[in-house]
Structure formats: C-alpha cells, structure tokens
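Chemist: Chains A and B are the protein sequences, given in the same order.
For the first sequence, the positions run 8 to 480 when this note's numbering is used.
For the second sequence, the positions run 8 to 480 when this note's numbering is used.
Everything labelled a hint here was simulated from the structure, so no lab data went into it.
Possibly wrong hints are sitting among the right ones.
Any copy will do: because identical chains look the same in the list, a pair fits if it lies in one copy or spans two.
Said to hold, decoys possible - With a Cα cut of at most 25 Å, we get these calculated DSS-like pairs of lysine-lysine:
| no. | residue 1 | residue 2 |
| --- | --- | --- |
| 1 | K237 | K279 |
| 2 | K237 | K142 |
| 3 | K279 | K324 |
| 4 | K269 | K237 |
| 5 | K237 | K324 |
| 6 | K322 | K245 |
| 7 | K237 | K322 |
| 8 | K328 | K279 |
| 9 | K245 | K269 |
Protein chains: 2
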Amino acid sequence: MQLDLIKSSLPMLATTPATAESSLVVAAVLLNLVVIYFASKIGGEFSNRVGFPPVLGELVAGVIVGVSVLHLLVMPEEGADSSISLIMTFLQTTAGLSSDTTDAVFTIQSQVMSVLAELGVIILLFEIGLESNLKDLMAVGIQATIVAVVGVVTPFAAGTAGLMTLFGVSAVPAIFAGAALTATSIGITSRVLSELGCLNSKEGQIILGAAVIDDVLGIIVLAVVASLAKDGAVDVGKVVYLMISATCFLLGAIALGNLFNKSFVAIVDQLKTRGELVIPAFIFAFVMAYLAVIIQLEAILGAFAAGLVLEETDKRKELQKQVVPIADMLVPIFFVTVGAKTDLGVLNPAVPSNREGLMMAIFLIVVAILGKVVTGLSVYGQPQINRLAIGVGMIPRGEVGLVFLGIGSSTGILSKPLEAAIIMMVILTTFLAPPLLRFVFPEPKLLAIAQEQLLVYGSNAQETLEVTPKVEE
Amino acid sequence: MQLDLIKSSLPMLATTPATAESSLVVAAVLLNLVVIYFASKIGGEFSNRVGFPPVLGELVAGVIVGVSVLHLLVMPEEGADSSISLIMTFLQTTAGLSSDTTDAVFTIQSQVMSVLAELGVIILLFEIGLESNLKDLMAVGIQATIVAVVGVVTPFAAGTAGLMTLFGVSAVPAIFAGAALTATSIGITSRVLSELGCLNSKEGQIILGAAVIDDVLGIIVLAVVASLAKDGAVDVGKVVYLMISATCFLLGAIALGNLFNKSFVAIVDQLKTRGELVIPAFIFAFVMAYLAVIIQLEAILGAFAAGLVLEETDKRKELQKQVVPIADMLVPIFFVTVGAKTDLGVLNPAVPSNREGLMMAIFLIVVAILGKVVTGLSVYGQPQINRLAIGVGMIPRGEVGLVFLGIGSSTGILSKPLEAAIIMMVILTTFLAPPLLRFVFPEPKLLAIAQEQLLVYGSNAQETLEVTPKVEE
C-alpha cells in the first residue's frame, strides 16, 4: 500500500527511470555535491590555515550552507518543502520545472544524499580501520573498555540525576537526555586524530578503542531507553541479545578475519582486471557493514572491523593508497551534511523554549564535557599517558547524539526546552572537540611532525602513514 | 501535494532520518553493491580470461543477477513489487521487516542505485576525457562528424522506410523505431576501447568523437520524435535551440576550459588539505555535467568535456591516478545495472508478441548493424585506416537505445511486438559490440600490447596510459 501511494504520487519517476525527472534527480545530486565540495574545501583549508583540524572547517562550512544560514543544503526531514532549499529553487529556475516536480525531486535527492553521506562515514571508518593496528588496539583493550564504561556511566548518572533534582524533569525524559550524553562520535574523533597524526599514539589507540566500545554500549543504552519510553519497562531479553551479538560480532570478525586474511590475498592475486584490489576489499567491508546493521549495530562498526582485518594483510599499503581518493570524494559529504543539518536556531534566545532550555543546556554541556574528561583518570598503569587528551577525545557527541535525539523526538516524550537543550549540547561538544583536541596533544615533537604531515597529507597520505610516530613504544 | 502524499506514506523516513528505516535503506544499498561487485568481478574476470573485454562479462553477469535470471537486482521500474527482488526478500528475512516497510525501502534504494549508476557513467566519461587528447580529437573532428551523421541518417532512413513498407507499421511508430536505431552507447564503446588499449589509436579517436556527436544528434532526434508523437508536428524552435545550445556547450567548454586550465592548477597548488586535487576536479566536472543536463544534453557529455579540459593541465597524470580507484568503485554499478535491467524475456518465442516481433527484430538488427558498419566507408583521406573497426565501434545502442525506448513506451504509440523488437535490437547490438570490437582490431602488435596491458591494467593503470600506442603518428 505504501508503495502504491508512492507510485501514484510519482508516476513518471517510478515507471520510466530514463526520462527527464530521473536526470533531474541526478542534476540535483550533482548540484548538492558541488555545494558540499566547495564548502568542504573552503572550510577545511581555512581551518587548517588557522591551525585547526580541517574537519572543523567542514562542519562549520556545513552549518553555513545548511539550514541555519544559507539554506543551500536543506533536508526535507527538517520539515521544509522544496521552496526552502536554494539548491532546489535554483534547479527549478534553471531547468524550468513545475513546483510539484521540484518537490518530488527534492524528496528523492535528499534520500540519495543521506545514503551518500552514510557511505562516506562507512568509507571513513574502513579507512581508519586500515590505518589502525589490531594488536596495538588489543594491547590497550582493557584501558579502552574502562574508559568507555566510565564515559557512559558518569554522564548518564550525573545527567539524569541532575535533570530530575535540579530541574524537576520526570524520570523517562531525564533518562533519555542522560542517554544522549553517553554517546561518542567515532567519526569526528577518529578523523581529528588522523588529521593530527595521533591515530597511532597510545592515547589515540585508547580513544579509538573506547569510542568503538562506546558505540556498542550506546546502542545497548538506546535499546534500553527506547523500550522504557515505549512500554515503561526494560526489555531484558533484547538487551542481553544486543550485548551477546555485539560481542560475538566484534570478536568473531577478528577471529574469522584472521582466517580470511590469506584467502583474501590469494583471491586478489588471481584477479587480472581493473579494481582487482578495491572491489574485493569493498565486498568484504560492505558484507561486514551489512551484518552489523542486521544485528542492530551500526554499519560503521562493520566497516571498521573489515578495515582492521585487511590491515593485517600484505595488501595493506596498496589498499590504503587506493582508498584515499575514494575517501576524499565521499567523506566530506558526511561532515558537511552533519553541519548542514545542525539548526543553530536553538541557540537563539529570542525563542521562549530556547530561553527555558538554556539553563538545562548549560548543565548538560558541563556534564557532557566533565563526564568524558574524567574518563582519562580511569586509565591505570600508564604513568606517562596524556590523560586529558583521552578525556577530551571522548567529548564529541556528533551524529550519535543526533540519533538519540531523533528517537527521543519521535516518541514525543521530550519537552521542547529539553529537546533544544540536548541539541545545544550535541552542537557544542561536536564543535569544541576538534580545537580542544588540537591543544591537548601538546608534545612539541609530535605537533611538529603532525603539522609537517598536514602539509603533505593530501598528496602523500601513504608516506604520511609510514612516518606516524608511535609514542612510548 | 505530491510531497504530502510521499510524506504521509513514509512518516518515519521523511521525518526521522536517523531511525531504523534509514539504516535499512543503507543496508539494502550495501547488499546491492555486494551483489554488483561480485557479479562485476566474476563476469569481468571470466570474460577477460576467454579473451573478451571485461565489460562484456559485467553486462552478462548483470543479466544473470538481474530481472532475467536470478532476480537479485530488480528495479521497481519494471513493475515489480519488493517480493520479486531476492535482495529485498533476503533483507526482509534477515532484518525481520514488515512487507510495507520492505516495499518502501525497495523504492528508495532503487532510486539511490539509479543515481549511483548514473554517477558511475559520469565518472567513466570523465576518466575517458582525461585519457583523451583534445588536439587528437579535433584533428579527426571532421571525419568524426561525417561518421556520426552517416551513422544517424542511414539506420534512421532504412529502419523507418523498411518498417513502413515491409511491415505496414504506421508513420509515427516507425519513425520512433528508426530514431532508436540512431543511438550509439558512448559508455560501452569507450570502455571497450579503453580496455583494448585502442582509445588513443586514430580509429579510437574517430569512434569516440563520433559517439559524442552522435549523442548530441540523438538528443536532437529524440526531441523531434517526441514532439511528433505528442502533437503530430515538429517543434522547430526547440530543435534549433537544442542544436545551438549543444554546439555552444561543446565549443564553449573547450574555449573556456583553455582559460580555466591555468587557474585550476594555481588553485590546486594553493590547497594543503586532503582531496586537494580530486575535489576541485570533481567540482569542475559536476558543474559541467549539471550545465549539460540543464541545456537538455546528457550529464556524461559535460563530464567528458571536463575531463578533456583537465587532460590539458600539468596535473593530468596525478589526477588520472586518483580517479582510477573511484572509477573502479562506481563504474561497475552502471554496467551491471544495465545488464540487470535487460529483460531477456522478450527473446522468449513462446510469448505471442515476441513471435510477431521476431521478424521485425531481425530486420531492425540487420539495419542496426549494417547502418553503423557503413559509416566506416565514409572516412576519407585516411588510406590506412581500419574502416571496419570504426563501423563496428558505432554499433552498441546500450543505455541510449533504452532511453529512446522508455520515452516511446510512455507515449503508448509503440505496439507490443514493435517494442519487443526494439528491445531485442538494443540487447543484441549492445552485447555483440564488445566481442566484435575485440576481433576487428586485429593488428598483432597492437593486440599483443593491449593484452600485456590488460595484465597490468588494474595495478598499474598509470603506466598503461603511458605506453598506449598511438597508431600512425
């Protein structure tokens, strides 16, 4: 029935793909990509010049082209019809479309852009996996687990208790807001670490490992909270299932991966036509990402696991080199889109619910930052370690925080002020983390190398990887 | 209004992008990509081993996974609901979905896959442009134009006249079928030439140039025929507009491109962050592709022109190297999808309309092949040229033929037998051209080099380009 509705509302698109409407969707996607690429390059280059990680510039440039300022990149999810998107208005004018056709094209192109952004972050995590070493990661496994658990429990407990006692929020919405505080954006953290050249430092490995475990914990917390919001009770069976399947998935991937390693190289060596390395690698990565989605984890975890497994093979260097341009093409779509979806309107004090939410927001932001910074203190047996850097690395909520918010909004249990407060918390933690991380990795040697690397990063990513310093080994 | 209908039918998808449904679309896309990559590698490798161009294997593998055999890759455009797609059934089972959700996911993922396929052929033509030399192409410009015009007029006249006199088809549908005979698939031809290492031979350049001009002519023919079918009269104003805009676009792109060349290199040299070459190049290519769509040409023509312009810069080699993995990732989506959409059911003689159409199909196929093969005879002043190779290079109708058919079907003026006959013609010309081309480029030296190149093609495309023989220079 749903399909019928869609079909009847889009007769041309659904039945004759090769007609004008289909090429208009392509035109709209091309226009979106041009805007995204302009924004990512201008933002990234500017950010790099003033000494910040490029990804911060991409996020800010995304905000500028997005729903908050220029209205070029607007997703219908924000409740806008096509006339609010300047890209669609431009397309409508240049191609001479009717407004009905434009609305239809708008909806479809937005769905396409969402998937492209998602493919971008999948490729990013695959690349991060390829740059990470499984043994190094396992070596810090216990520290990473402790950091992740402390970083989930502290902000969750402090956030929920504070909202209930200080602001009189009732239990279920307070628990939801507390849950949104637990997330860590593995995408933003890992890309900043990679840009600073600190991915393979001990701190970088602990942050990355903790962010992965945090992602898994976050999904379990989400399942708990969602069932609470729905039935008022926790679905214990589902929580146990998620815990078991997540553990099995990560360990199983690594174990099977070690067996699959050699077959992968043997198969690739047999292939003689173009894409003989990148296509088998993507088959593996996408199968893993699919499995992760199916067992209700996130696709990016599967892609990361696939990258980790392939990092163990002899094809590592060649594969890293080939993935670089693909990541360069797809990853900015994700970061600019995250920025574009960020509605800075919630920071406007002229709106009553924002004013009401402001005190809650300040509280949530303090809890969000302190609740993650304390995690650094939980690292034991590493006297030389930069505890502050680890804590700061866990701060950004990014896309994961937005997932929590999206599900919370859809249940209708969050009040407008609380919703605005959560959005402010997600925005600030996401945008503060890149510059903060830049300052808490202060070792002059490391920094000098990192900056030198940034200069050659684009043209010579492969060599960059080779000289990445491994601190304290 | 259309938007409202879509929104009401997809409440979760339209309002909360980060929820389960959105990740299911991603899961479905990942599953499609895995199937496409498997098909492309198995088909391509097998085809290469038995001495045919890999693209033939990709097309055939596409047919096998598509609507004709395995029903893994099925597009809703063929009138199927999600239960006919094995991928969707698999997703439904593994993720435990309702059939309504599955239908909705099916529609959206199909639209995403269509755009990805379209991006694939855009990247392919950009890459072909980067491998082609503008001066070489201009040097054969007049020959290419004559080949294109002869290759449009001959099959159009013979096809239309034959259908009217031999089969008693009335004028408008006969003209439509004649128009479908004029197309040349620039995608298939250029990729086969590239795989045979003949792209930069004089024959290759003439074929490529003629295919580009043919694409422009085809769009004009299509406009004429479509207005004939709609109003019974030719919209002369539109035809003149198309001819002028197409000419201005191609010449303007090249002229402006020569000015833009130096700015491009200067800008790229200023950039210090990742993607400093590939992102500006894609901005240029996508802007050109967008402009081409807006003036009612095809996106691939814009991408090809952009590639040609950037081939003139010092950054050519580095850019070619970086585009290779991106093309490896996206191009197979296009070819496997073309195969998957091909319904071999029209070849089944048990269906009455197929039997009726069979005689017409045989006639159309003969005209389709001979009408293009004769174009080789029109090349003058090149005594040593391989005229057969040029004619054969113009044979495949591919996706362009399907566009004509799609528009013809939507007007309802084509009878079932005639429609089936046109599909058979498109299928056979598309699938015959790669093996035929392989045999009509018989120079032993060239072939030996080409085969040697194929062996190193994937891992060493850059060097391959350097040793590409330029015949008769």
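Chemist: Each hint needs a verdict: does it hold in this structure or not?
Modeler: Against the structure, the hints come out as follows:
{"no.": "1", "hint": "K237 - K279", "verdict": "neither (54 Å within a copy, 50 Å between copies)"}
{"no.": "2", "hint": "K237 - K142", "verdict": "neither (41 Å within a copy, 68 Å between copies)"}
{"no.": "3", "hint": "K279 - K324", "verdict": "both (19 Å within a copy, 22 Å between copies)"}
{"no.": "4", "hint": "K269 - K237", "verdict": "neither (47 Å within a copy, 61 Å between copies)"}
{"no.": "5", "hint": "K237 - K324", "verdict": "neither (48 Å within a copy, 58 Å between copies)"}
{"no.": "6", "hint": "K322 - K245", "verdict": "neither (39 Å within a copy, 55 Å between copies)"}
{"no.": "7", "hint": "K237 - K322", "verdict": "neither (48 Å within a copy, 57 Å between copies)"}
{"no.": "8", "hint": "K328 - K279", "verdict": "both (19 Å within a copy, 18 Å between copies)"}
{"no.": "9", "hint": "K245 - K269", "verdict": "neither (36 Å within a copy, 60 Å between copies)"}
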